[in-house]
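Colleague: Same order as they appear, the protein sequences are chains E and Z. Under this note's numbering, the residues of the first sequence are numbered 1 to 264, in order. Under this note's numbering, the residues of the second sequence are numbered 1 to 264, in order.
Treat the hints with care, as some may be off.
Put simply, identical chains are the same to the list, so a pair is met inside one copy or across any two.
[To be verified] Heads up, simulated BS3-like pairs for lysine-lysine below, C-alpha to C-alpha not over 30 Å straight-line:
1) Lys52 / Lys249
2) Lys143 / Lys36
3) Lys235 / Lys249
4) Lys229 / Lys249
5) Lys220 / Lys196
6) Lys220 / Lys205
7) Lys76 / Lys220
8) Lys254 / Lys143
9) Lys52 / Lys208
10) Lys196 / Lys260
11) Lys249 / Lys196
No lab work stands behind these hints: they were computed from the structure.
Here are the chains, one letter per residue:
Number of protein chains: 2
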Amino acid sequence: MTIGIVGTGNAAWALGKLSKNAGHDILFVLGRDEAKAIELAKELSSKPIVEKHEISAAPDITLLAVSDDSISQVCKSLAPLQLDTIMTHLSGSTSITSISEHHSPAGVVYPMQTLRKGSVSRPDCIPFYINATDAESLAQLRKYAQSLSTRVFEIDDEQRRKLHLAAVITNNFINYQLIEVYDFLQEQQISFQHLKPLFEETMNKFTKVPPEISQTGPAKRGDLNVIKKHLDLLKSHHDLYEMYYLFSKLIYEKFHPKEKFPKR
Amino acid sequence: MTIGIVGTGNAAWALGKLSKNAGHDILFVLGRDEAKAIELAKELSSKPIVEKHEISAAPDITLLAVSDDSISQVCKSLAPLQLDTIMTHLSGSTSITSISEHHSPAGVVYPMQTLRKGSVSRPDCIPFYINATDAESLAQLRKYAQSLSTRVFEIDDEQRRKLHLAAVITNNFINYQLIEVYDFLQEQQISFQHLKPLFEETMNKFTKVPPEISQTGPAKRGDLNVIKKHLDLLKSHHDLYEMYYLFSKLIYEKFHPKEKFPKR
């Protein structure tokens with residue numbers, strides 16, 4: 001298939017390289033920053049474009065790999081060209097209408113994975129969530145997504161929004177907890193690597209049993225003494241203190257519904 | 001070596017079975033609940049004991065596999081027997097002095113892993129953190145722990161407390177996030193399995209690069225629109241709302257230190 005890419009950030013790089021590796025022909029890379037457009041176009045054996053009027057042929061699919069806030073505006077700016085292409089965004093939290101109000105046909109291909117300019121690990125396992133304004137475009141996008149990955153699912157705006165929210169919690173928030181724990185341990189000259197087996201076990205359980213069954217720890221047991229000692233240890237670590245307090249409170253109150261978690 | 005076990009819960013089961021598999025001789029299983037003591041003793045080809053006076057021979061190491069709050073009291077109740085044994089607790093957050101004030105020599109063998117009555121996955125990878133009141137006991141505990149696992153580290157009370165705190169955050173809190181996300185997705189009839197590739201990627205990064213480098217998401221980007229939409233979606237999900245708000249605020253303020261995160 002022929003693909004056009006709008007944008008030069010992480011998502012543009014990742015989808016561009018996946019598409020090229022899958023044998024698609026990248027007709028152009030459109031970006032405001034010429035140097036970046038040239039760099040990515042070179043990587044994809046494609047043509048760098050700065051002005052939209054330089055687009056000479058309409059690709060089967062145009063990927064709008066731009067920030068969520070810009071999708072509607074970029075789409076609007078491309079509308080006068082009346083390209084015969086499935087205008088497609090990659091966003092988990094943006095409605096398909098931000099395209100379809102400016103261009104038809106419209107589509108969504110949302111890759112639920114952290115995408116970076118560098119290599120994507122196990123790209124064939126990235127789940128892709130697709131949607132389109134008509135059956136023919138949906139079939140095209142399915143064909144495209146299936147050329148990149150073995151996991152392609154069709155879902156609507158609302159389900160995609162909820163999945164994206166779940167993904168933010170699972171990925172970004174857990175990552176932030178790890179940042180904070182990393183810093184805390186480094187202060188004590190304790191290597192972060194010590195936590196690896198425990199994290200692996202959390203992960204192993206996650207793939208086997210519902211997490212509700214595997215909850216453990218002081219808040220689950222109702223051990224307020226240990227919780228108090230931990231909070232004392234965290235007095236000078238604002239973010240960790242806040243996380244610790246909130247999670248202990250939520251877990252305690254879930255597993256001990258008749259009791260109240262102590263105030264700070 | 002000869003081992004005595006006090007307690008019949010998850011830790012008693014896990015350490016008992018690991019010890020037996022490593023070829024140690026479990027002299028007794030002491031538990032208040034006779035049926036449980038008999039069950040575990042049978043599993044370990046050992047002798048069930050309900051009354052401490054039935055202990056006929058002192059083991060090299062006595063493992064106090066009881067709740068953190070009970071360690072001191074159980075140790076005190078055993079003191080009159082004057083056993084020639086290294087009295088050892090398994091707790092991350094309890095000082096060695098809760099034993100040494102009642103019995104000498106005292107030790108700690110803290111396995112930093114979720115232990116359950118059932119099978120322990122990859123037991124040779126469980127990190128054990130040891131301590132003792134004298135060099136000879138420490139050498140004995142090291143020998144014992146090394147017979148169970150390839151990862152044995154000597155650390156003092158304070159470092160162990162901090163590691164335990166980090167473990168609670170890494171394991172229990174992440175598990176709780178997963179519980180909440182699991183329930184949220186189930187309501188939408190979306191399978192939790194969709195999140196597996198993303199969680200694996202979070203984990204892969206964790207073992208390769210410091211998590212600070214791998215932070216992504218709306219709060220990191222400063223995308224307040226997406227954050228607001230997510231919070232709206234979570235209005236009827238109290239726990240998720242609280243987590244989402246706190247994490248977004250902490251991440252936003254870390255990566256955008258000059259700006260204030262909006263009030264609820």
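Colleague: Could you run down the list of hints and mark each one as holding or not?
Modeller: Hints, verified against the model:
Taking identical chains as interchangeable, the C-alpha atoms of Lys52 and Lys249 are never at most 30 Å apart, the minima being 54 Å within one chain and 38 Å between chains. Taking the shortest alpha-carbon separations for Lys143 and Lys36, only the intra-copy value of 29 Å comes in at or below 30 Å, while the best inter-copy value is 58 Å. When the C-alpha separation of Lys235 and Lys249 is checked against a cutoff of 30 Å, the pair qualifies both within a copy, at 17 Å, and between copies, at 19 Å. In this homomeric assembly, Lys229 and Lys249 come within 30 Å of each other (Cα to Cα) both inside a single copy, at 15 Å, and across copies, at 25 Å.
In this assembly of identical chains, Lys220 and Lys196 lie within 30 Å of each other by CA distance both inside one copy and across copies; the values are 22 Å within and 25 Å between. Taking the shortest Cα distances, Lys220 and Lys205 sit within 30 Å of each other both inside one copy (17 Å) and across copies (29 Å). When the C-alpha separation of Lys76 and Lys220 is checked against a cutoff of 30 Å, the pair qualifies only between copies, where the shortest distance is 27 Å, while the shortest distance within a copy is 52 Å. Taking identical chains as interchangeable, the C-alpha atoms of Lys254 and Lys143 are never at most 30 Å apart, the minima being 45 Å within one chain and 41 Å between chains.
Taking the closest pair of Cα atoms, Lys52 and Lys208 never come within 30 Å of each other, the shortest separation being 49 Å inside a single copy and 40 Å across copies. When the C-alpha separation of Lys196 and Lys260 is checked against a cutoff of 30 Å, the pair qualifies neither within a copy, at 33 Å, nor between copies, at 34 Å. Taking the closest pair of Cα atoms, Lys249 and Lys196 come within 30 Å of each other both inside a single copy (26 Å) and across two copies (27 Å).
When the structure is compared with the earlier hints, violations turn up for hints 1, 8, 9 and 10 and for no others.
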